[in-house]
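Protein chains: 2
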Amino acid sequence: MRKADALQKIAARLRIHSLRMTSQAGSGHPTTCLSMAELAACLFFSEMRYNFRDPEDWGNDEFVLSKGHAAPILWAAYAEAGIIPEAELMDLRKISSRLEGHPTPRMNWVKAATGSLGQGLSVGVGLALAQRLGRSPGRTFVLLGDGECAEGSVWEAANAAVHFGLKNLVAVVDINRLGQSEATMHGHDIAAYARKFKAFGWAVHRVNGHDIAAILATFETIRKAGGPAVILARTLKGKGVSFLEDRNGWHGKPLQEKDLQKALQEIGPAPSIDAAKLVRPPRKARRPRWNKASNFERTAYTEKTATRLAYGIALQSLGRVNGWVVALDGDVKNSTYADRFFDSFPERSFQSFIAEQNMVGMGMGMSAKGFIPFVATFAAFLSRAHDQVRMAAYSFANLKLCGSHVGVSIGEDGPSQMGLEDLAIFRPIPGCVVLYPSDAFSAEACVEAAARHRGLVYIRTTRPATPLFYSREDTFPIGGSKVLRRGKGDAVTVIAAGITVFETLKAWEELKKERIGLRIIDAYSIQPLDKKTITREVAETGGRAVVVEDHFSAGGLGEAVAAALAGSARIIHLCVRELPRSGKPAELLDTYGISASHIVRAAKELIEHS
Amino acid sequence: MRKADALQKIAARLRIHSLRMTSQAGSGHPTTCLSMAELAACLFFSEMRYNFRDPEDWGNDEFVLSKGHAAPILWAAYAEAGIIPEAELMDLRKISSRLEGHPTPRMNWVKAATGSLGQGLSVGVGLALAQRLGRSPGRTFVLLGDGECAEGSVWEAANAAVHFGLKNLVAVVDINRLGQSEATMHGHDIAAYARKFKAFGWAVHRVNGHDIAAILATFETIRKAGGPAVILARTLKGKGVSFLEDRNGWHGKPLQEKDLQKALQEIGPAPSIDAAKLVRPPRKARRPRWNKASNFERTAYTEKTATRLAYGIALQSLGRVNGWVVALDGDVKNSTYADRFFDSFPERSFQSFIAEQNMVGMGMGMSAKGFIPFVATFAAFLSRAHDQVRMAAYSFANLKLCGSHVGVSIGEDGPSQMGLEDLAIFRPIPGCVVLYPSDAFSAEACVEAAARHRGLVYIRTTRPATPLFYSREDTFPIGGSKVLRRGKGDAVTVIAAGITVFETLKAWEELKKERIGLRIIDAYSIQPLDKKTITREVAETGGRAVVVEDHFSAGGLGEAVAAALAGSARIIHLCVRELPRSGKPAELLDTYGISASHIVRAAKELIEHS
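Keeping their order, the protein sequence lines are chains A and B.
Its first residue numbered 152, the first sequence is counted upward by one per residue in this note's numbering.
Its first residue numbered 152, the second sequence is counted upward by one per residue in this note's numbering.
Derived from the structure by calculation, the hints contain no laboratory data.
Honestly, I wouldn't trust all of these hints.
Pairs involving identical chains hold if they fit within one copy or between any two copies, as the list cannot separate such chains.
Stated by the list, open to error - Calculated cross-link-like contacts (lysine to aspartate or glutamate; reagent style EDC-like; alpha-carbon spacing at most 20 Å):
{"no.": "1", "residue 1": "Lys375", "residue 2": "Asp425"}
{"no.": "2", "residue 1": "Lys404", "residue 2": "Glu624"}
{"no.": "3", "residue 1": "Lys160", "residue 2": "Glu417"}
{"no.": "4", "residue 1": "Lys633", "residue 2": "Glu691"}
{"no.": "5", "residue 1": "Lys160", "residue 2": "Asp362"}
{"no.": "6", "residue 1": "Lys755", "residue 2": "Glu660"}
{"no.": "7", "residue 1": "Lys657", "residue 2": "Glu756"}
{"no.": "8", "residue 1": "Lys245", "residue 2": "Glu729"}
{"no.": "9", "residue 1": "Lys318", "residue 2": "Glu371"}
{"no.": "10", "residue 1": "Lys455", "residue 2": "Glu408"}
{"no.": "11", "residue 1": "Lys413", "residue 2": "Asp397"}
{"no.": "12", "residue 1": "Lys735", "residue 2": "Glu239"}
{"no.": "13", "residue 1": "Lys682", "residue 2": "Glu729"}
{"no.": "14", "residue 1": "Lys755", "residue 2": "Glu454"}
{"no.": "15", "residue 1": "Lys245", "residue 2": "Asp741"}
{"no.": "16", "residue 1": "Lys245", "residue 2": "Glu738"}
{"no.": "17", "residue 1": "Lys639", "residue 2": "Glu759"}
{"no.": "18", "residue 1": "Lys435", "residue 2": "Glu738"}
{"no.": "19", "residue 1": "Lys663", "residue 2": "Glu759"}
{"no.": "20", "residue 1": "Lys404", "residue 2": "Asp490"}
{"no.": "21", "residue 1": "Lys735", "residue 2": "Asp242"}
As the structure is a prediction and not an experimental result, all values here were calculated from the model.
Working from the sequences, and respecting the hints, build out all of it.
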């Protein structure tokens, strides 16, 4: 079988590259690459179809290396495919190189950053959904490690793949028995993996991961039968080098020069073969030409409305003018009001059930194909997907996340349901936009701003209905703020956002009676913060500032303002400083010190002590 | 069968309570309670053994209500068992009440807060492990909802239960078909759940969840055969009230008065029965009397040592003097150096494999029984368990978390492995202690401080070896700091921690040549911050401060200092402000602006502009 011979040669070349690259870099995971050399050869030079000149070709098969620490062999495969020059491989892990220690889209064939384990299959589900939605003939292949199958997120993704009936999704598990610090839970008990995937509804195929003919035959079977299918490949870590093969203690260790030479000698000289010729081109396909507007018809609200409801209505309106917008829900769509979109656009709506990690991972995958996923759940439960959010940032994903039910203002459901750390999740991410509307009009504007912006955006919405304050015509640019009250001789500036804007307005009324002027800023753009306006207004009120937010003390608006104003203002920061409990919204706002009366007191304190 | 009759009466009473309580509160999840009334009756008044006078009785069976939104029926069961007065039930969700909307240990029979779904089974695994380790005859029962079985964390826990062979663990899944916003993925396809649990190695039992005789028989079978066993109970949401039963749209909705009366009429008058008499007392058992010291023999380091290694060595030393200390690892123990403890105390070491959510959840469970779990992984991967950390805070857990490999100083492995948002995870938690040692001596002291403190503690460790600076005798109290350099006429105070302490010392040398004095503070206690010392020292250096940290800009040391000093200092904050890439540690520190040369520049800038 001449094809198998050719692929065996490529596998040898991939092994040689992987060993050399990591030794040159002085770090990396060569043995993890060696176990998957045959699998990679078969995937990239036989089974997958792609246009090696264009990673955006709509007909391409997609590939996700979920076990991201095997990055060297991925880069090696791209070199063999003619996508990058072979000499570049020696730049692995250099600060100037796109060939990082774990894959990121700085190398443009990488659709999502990996390296935090157990996330790739969710990304793959998203890519496969996107391919189906966009009528691409391409399929998606995800290569997982065995160790990462301990991550629950893998099983969330396994569920979703079957639920969505993804015939175009193929997973390959490189079962090399060894984790980082010891053997994996199941070692080489392939049947244990088979039982699980089968129970989750997958077509399961077992294969010797070093037997190219067997691998090819399995791929052929799957090509005919369709997915979601998984290949459980029994492999040896360090395969091909006697002193590495199946040995514990070699994880993440490059070979020193002497060992490297011994290893290369065992593998033999690099076989001569033009691997790029074996790459199978994709079927012709055209990227859909759907509308891509972000300026939708705004709603003429006439009464108190929750910002979460306005989010849902705006998303529905956006859906009408933008065919790339999709919505994902974690079985709370009747609370986040994403159900508005679900009802109008069922084909672009994806129920992720109570599995937030996979929900965000799918969003990452869909965004990599050009979709604009709006992913909503309770803000508190986005903490469940924090690692996926982190990786979405490193993936440069065009993802929009909405967290509803923020702060103590949700009331009786209690602390487990209160988003009190969500700003501290999103603000640290460089480049992440964080918007926090206070009324329905501003909420709709924030949805539009999110759609318009390329990148990660977080929108924070509130459970209770809030009064209308703005109008349909008001704009809410990213990085802006609104000065809501301004008078000559104002004594203190209060910086608020969301629900506390209304508490501040009440405090303004209260203090007005005592002829004390409050300047009020609605800092709806939590990040980037409108530093310029805030600095100016606070300076005009004698350097006296109160920040009031329905969030814990660290990582939110208060610290953002403190950092922005450092040295130029006296600040009182009102926020939630205890572990809260169940109660009525108004009671809780008061108990935890963020209601109008506390704002009044803080303003007076600043005035008295200056 | 008289027992079944009695339990049926109790089930009716639990239903009546649940309906009344939620109507009185005006919010809550009555239909979720109704589906599990028979299950609760059988658990609390037949199968479980507990001393209703003492939630700490070492012989007690433990119970975790993983579907925390069914809290009303849990409170109702406690009332029926005589643990709380029946009248108190009407206080549900009041701000003054321990009967919160979702269970928290403010009610002292609750061992871990629930309400973020899918976490209870991990807590149960931890409780069952603790019972086994402490030779308690008690078993652990976890009641899950069907919807939450979509959470990957459930399957992480399912894996762990079998891996650890927990004969004393029983899970009950209340399969009532309906989620919050629609039917669950599997609806009433009980076989789908059976396949999954079976594949994960559990003994699976199917039962009609409203048939008390069948439930009792199943419990009996399990009692003889041992666990981990799961009861898949087919139930109807809203069971017992015709207009609620199996109907979508009733999730989380209390009944209005008229509907309530109709419902109560259907159920009939509350049967008279003294349920407390049915409670089975536990077998006699005594809490172990292991050593519980925290002052261990410190190591006499003589050369550069990574703080992560010192963490491992200290944990090992602590293990010798404290029998309650246990260690949990996510297959990175040779990187966090938890392997030191694992090697010395295998019976108190728990390999969680690559499943961080379950790892933290198990820690919660073990801490609830009095153990002191030290849970370590890469800081970046603690983001995977952020929701569990959040719930650990609401559980008032005595849990110690260690995150290694923080910041860009890890080098070539790249951004996915860099802990750059970990401070922003832990700082927002009210009461959470955050320690960040710079050298091996201070790292050991931080482990001791963590062991001594009752509550959540996070320790941040560094990958590269750092010079020794302190001594074995130095103490590092929580809330303290160290002034490392102080001279008359110092121009600027630099506040650093961890790796940046050493960059600051280099900057000090550099500036000394130019006769510019730097005052240096090692702010090892990131939270609580030593506000007093920092304020004083900064004031002494003309209100000029530089904060330098290997963390993203938001939520870390810089914002903590900015908040503490607001109004009294000019601050330059050096931190990681871009999405970083792979590279050598020194290169990265320099590229992202946190090396000695940047500190020198910042100090000069502050001096020039003042």
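Hints and how they fare:
Proximity of Lys375 to Asp425 under the C-alpha cut-off of 20 Å is found in neither arrangement, the shortest distances being 28 Å within a copy and 65 Å between copies. For the identical chains of this complex, Lys404 and Glu624 are neighbours neither inside a copy (60 Å) nor across copies (36 Å), given an alpha-carbon limit of 20 Å. Only within a single protomer do Lys160 and Glu417 lie at most 20 Å apart by alpha-carbon distance; the minimum there is 14 Å, versus 76 Å between protomers. Only within a single protomer do Lys633 and Glu691 lie at most 20 Å apart by alpha-carbon distance; the minimum there is 16 Å, versus 38 Å between protomers.
When the C-alpha separation of Lys160 and Asp362 is checked against a cutoff of 20 Å, the pair qualifies only within one copy, where the shortest distance is 13 Å, while the shortest distance between copies is 64 Å. Taking the shortest Cα distances, Lys755 and Glu660 sit within 20 Å of each other inside one copy (14 Å), while across copies they are farther apart (46 Å). Taking the shortest Cα distances, Lys657 and Glu756 sit within 20 Å of each other inside one copy (18 Å), while across copies they are farther apart (42 Å). Taking the shortest Cα distances, Lys245 and Glu729 sit within 20 Å of each other only across copies (17 Å), while inside one copy they are farther apart (45 Å).
For the identical chains of this complex, Lys318 and Glu371 are intra-copy neighbours only, at 14 Å inside a copy versus 44 Å across copies, given an alpha-carbon limit of 20 Å. In this homomeric assembly, Lys455 and Glu408 never come within 20 Å of each other (Cα to Cα): the closest approach is 71 Å inside a single copy and 26 Å across copies. Proximity of Lys413 to Asp397 under the C-alpha cut-off of 20 Å is restricted to the intra-copy arrangement: shortest distance 17 Å within a copy versus 68 Å between copies. For a Cα distance limit of 20 Å, the shortest separation of Lys735 from Glu239 across copies, 18 Å, qualifies, whereas the shortest one inside one copy, 62 Å, does not.
Proximity of Lys682 and Glu729 under a CA criterion of 20 Å is satisfied inter-copy only: 19 Å between copies versus 28 Å inside one chain copy. Taking CA atoms no more than 20 Å apart as the test, Lys755 paired with Glu454 passes in neither setting, with 33 Å inside one copy and 55 Å between copies. In this homomeric assembly, Lys245 and Asp741 come within 20 Å of each other (Cα to Cα) only across copies, at 14 Å, whereas the closest approach inside a single copy is 54 Å. In this homomeric assembly, Lys245 and Glu738 come within 20 Å of each other (Cα to Cα) only across copies, at 10 Å, whereas the closest approach inside a single copy is 56 Å.
Taking the shortest Cα distances, Lys639 and Glu759 sit within 20 Å of each other inside one copy (19 Å), while across copies they are farther apart (35 Å). Taking the closest pair of Cα atoms, Lys435 and Glu738 never come within 20 Å of each other, the shortest separation being 62 Å inside a single copy and 45 Å across copies. Proximity of Lys663 and Glu759 under a CA criterion of 20 Å is satisfied intra-copy only: 17 Å inside one chain copy versus 43 Å between copies. Taking CA atoms no more than 20 Å apart as the test, Lys404 paired with Asp490 passes between copies only; the shortest distance there is 18 Å, against 50 Å inside one copy.
In the homo-oligomer, the alpha carbons of Lys735 and Asp242 lie at most 20 Å apart only across protomers (13 Å), although the nearest pairing inside one protomer, at 59 Å, exceeds that limit.
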